[in-house]
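Protein chains in written order, with the working numbering: chain R, 47 to 533; chain G, 13 to 165.
I should point out that these hints are in silico values taken from the structure, not numbers from a laboratory. This one's a predicted model, so the numbers in the text were calculated from it and none came from an experiment. Mixed in with the good hints, there may be bad ones.
Under 7 Å between C-beta atoms, here's a sample of chain G residues computed to sit facing chain R [claimed, not checked]:
no., residue
1, 22
2, 24
3, 50
4, 51
5, 111
6, 115
7, 134
8, 135
9, 136
Ideal Cβ positions, reconstructed from N, Cα and C, are used throughout, including at glycine.
As a plain string of letters, each chain reads:
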Amino acid sequence: MGTKVTIDPITRLEGHGKIEIFLDDSGNVENAYLQIPELRGFEQFCVDRPVEELPRITPRICGVCPMAHHMASTKTVDAVYNVQPTETAKKLRQLVYDSYIFEDHMLHFFFLGGPDFVVTPSAPKKERNILGVIAKVGLEIGTRVIKTRREIRNIVTYLSGRIIHPVGGLPGGVSKGLTEEKRQEFLKIALEARDFAKESIEIFNNIVLGNNAYVDLIVGDIYKHKTYYMGLVDENNKVNFYDGKVRVVDPDGKEFSKFGPEEYLQQIAEHVEPWSYMKFPFLKKIGWNGFKEGKESGIFRVAPLARLNVSDGMATPFAQEEYERMYETLGGKPAHNTLAFHWARLIEALYAAEHIVELLEDKTITSPDIRNIPTETPTEGVGIVEAARGTLIHHYKTDEQGMVKAVNLIVATVGNSAAMSLSIAKAAKALIKNGKVDDGLLNMVEMAFRAYDPCMACATHSLPGSTPLIINLHDKDNSIVETIRRD
Amino acid sequence: MKTLVLGLGNTILSDDGVGIHIARHIKEKLPEIDMIEASAAGFRVVDEIIGYDKLILIDSIKTKNGQPGTYYKLGIEEFKSTLHHSSPHDMNMFDALQLMKKHNADLPKEIIIYAIEVEDTFTFSEQCTEKVAEVIPEITSIIIRDQFPSSKI
Chain R
47 MGTKVTIDPI TRLEGHGKIE IFLDDSGNVE NAYLQIPELR GFEQFCVDRP
97 VEELPRITPR ICGVCPMAHH MASTKTVDAV YNVQPTETAK KLRQLVYDSY
147 IFEDHMLHFF FLGGPDFVVT PSAPKKERNI LGVIAKVGLE IGTRVIKTRR
197 EIRNIVTYLS GRIIHPVGGL PGGVSKGLTE EKRQEFLKIA LEARDFAKES
247 IEIFNNIVLG NNAYVDLIVG DIYKHKTYYM GLVDENNKVN FYDGKVRVVD
297 PDGKEFSKFG PEEYLQQIAE HVEPWSYMKF PFLKKIGWNG FKEGKESGIF
347 RVAPLARLNV SDGMATPFAQ EEYERMYETL GGKPAHNTLA FHWARLIEAL
397 YAAEHIVELL EDKTITSPDI RNIPTETPTE GVGIVEAARG TLIHHYKTDE
447 QGMVKAVNLI VATVGNSAAM SLSIAKAAKA LIKNGKVDDG LLNMVEMAFR
497 AYDPCMACAT HSLPGSTPLI INLHDKDNSI VETIRRD
Chain G
13 MKTLVLGLGN TILSDDGVGI HIARHIKEKL PEIDMIEASA AGFRVVDEII
63 GYDKLILIDS IKTKNGQPGT YYKLGIEEFK STLHHSSPHD MNMFDALQLM
113 KKHNADLPKE IIIYAIEVED TFTFSEQCTE KVAEVIPEIT SIIIRDQFPS
163 SKI
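Produce the complete structure using the sequences and hints provided.
So this is what it looks like as structure tokens:
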């Protein structure tokens, strides 16, 4: 083993992580891994608490996607009590949930992923940030991102009590309904959000697809893996974030399995590596065959591109048009291009906005019938939603008093953990040659996992809020010969 | 003047919640103040502070060789080093503030940060570690004395 290059922490992501790149004697990449710190003792923390507290506790796991945990948890508690939400409650939950997906995706596209795409991967690092994005798209677009997100967040705040620690979901329904006045007010917001989602796709078309260098990166081999894909679909096999069955397709796009939440343990297993606290989920029926792509490897991918790959289309007209255009451009379905996650994310944001409009145009959403009171003895349940970052699974067991006895979570980012390691290794091998490592190349390696929009150690926010980027260069004997610090 | 006390952190991750614990203590003693607690970062926090004249932010901090339980009172200018536009981490709160300013958002003119040195932010627990827990009452009193001098406490 030769030189070791450490990037610590991962930049432009909330939470800390580390990429380890091992170089051989000639300075080429031997292997690369993704590591994240461990959060300890969550199950133990939950045991012996009333199960109905979990929709309020689990959002605190993560400051990035509290709504995803709240909704997965609420659905799991429904299952534990064997109660279904009323039709109106289901609509209201979807309204809140689509609002979260919309604002989260827009935030990622413009402010987290945008620096890679809208600016350019090889731009000087002082331009590869939000302000660089604004300089490129114009101040007016930046203002609209901020305004539209804030207004959409108002819908979430109204219905969920609080946006950061939502409390709207209850077993069998929701805690608050929608008045006719609010329906009309929110519909106006939703129509504007829909227009803005369309315009954002136009921005992507002009800036990204209009640039051959980007298109080459998107369709090129560096950022491509043939894997299985997983995501929720509705009864027509259309993308659905809130409910449905989990569909898995193989690397040729053929349906491999389709299952309800209660079957997840028969379908998914988790592999453990000694060098990482993070587990690596894989398809049980295929098995774990190492960090490899292809049909023989049980590695699958989740999140926007995966959801589009497993579905037969989008349930709304504008998003469907964009869905067709994306696959036409990428040469058919499934698309294996990791950087197309950004594109898929925008199509999903458009779908979310269109669906919010549909829900709010339906006057029955103001019905006061917002909850079925649970009457059965609590036992065990599984709830699955599509978080912005992928399939999110909660599984609780309780005693007959409803006190939690066991908790298992498979969080969205972890669903992509094996694929992210694959992607980092592939990009590093292709880009780092003969020991030549510079900022631009490292950024392009980071792009390989940033496309997944991963959320690492959730919800630790110790100041100063960002940690500097440190690159340690180790010699053959593993001693540090040079430290490069980027503050 | 409209003042907001913002406790940042995660109350189920040991010391990560210290900022929120102190903010809650302040609110208990001064019920009339506006207080928000947030387990969020960056942009998602900045969304919450629009419309206030003054922000008192309380959070955990980890510095090299720092002693758990120590506290620092900082101004926004102390974070200039993390405000670099060259920072590749675009989502920290201070970058988000810069961005919002550029868009003429109605942000607090005065921002004071109380940062408490922490030990463990990776274990799920509602309790802070001993050294951090024991300074909470004292730091609460100091913040009230310094920032709300007209209160009778």
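Evaluation of the provided hints:
{"no.": "1", "hint": "22", "in the structure": "4 Å, holds"}
{"no.": "2", "hint": "24", "in the structure": "5 Å, holds"}
{"no.": "3", "hint": "50", "in the structure": "5 Å, holds"}
{"no.": "4", "hint": "51", "in the structure": "5 Å, holds"}
{"no.": "5", "hint": "111", "in the structure": "5 Å, holds"}
{"no.": "6", "hint": "115", "in the structure": "5 Å, holds"}
{"no.": "7", "hint": "134", "in the structure": "6 Å, holds"}
{"no.": "8", "hint": "135", "in the structure": "5 Å, holds"}
{"no.": "9", "hint": "136", "in the structure": "4 Å, holds"}
Violated hints: none; the structure is consistent with every hint.
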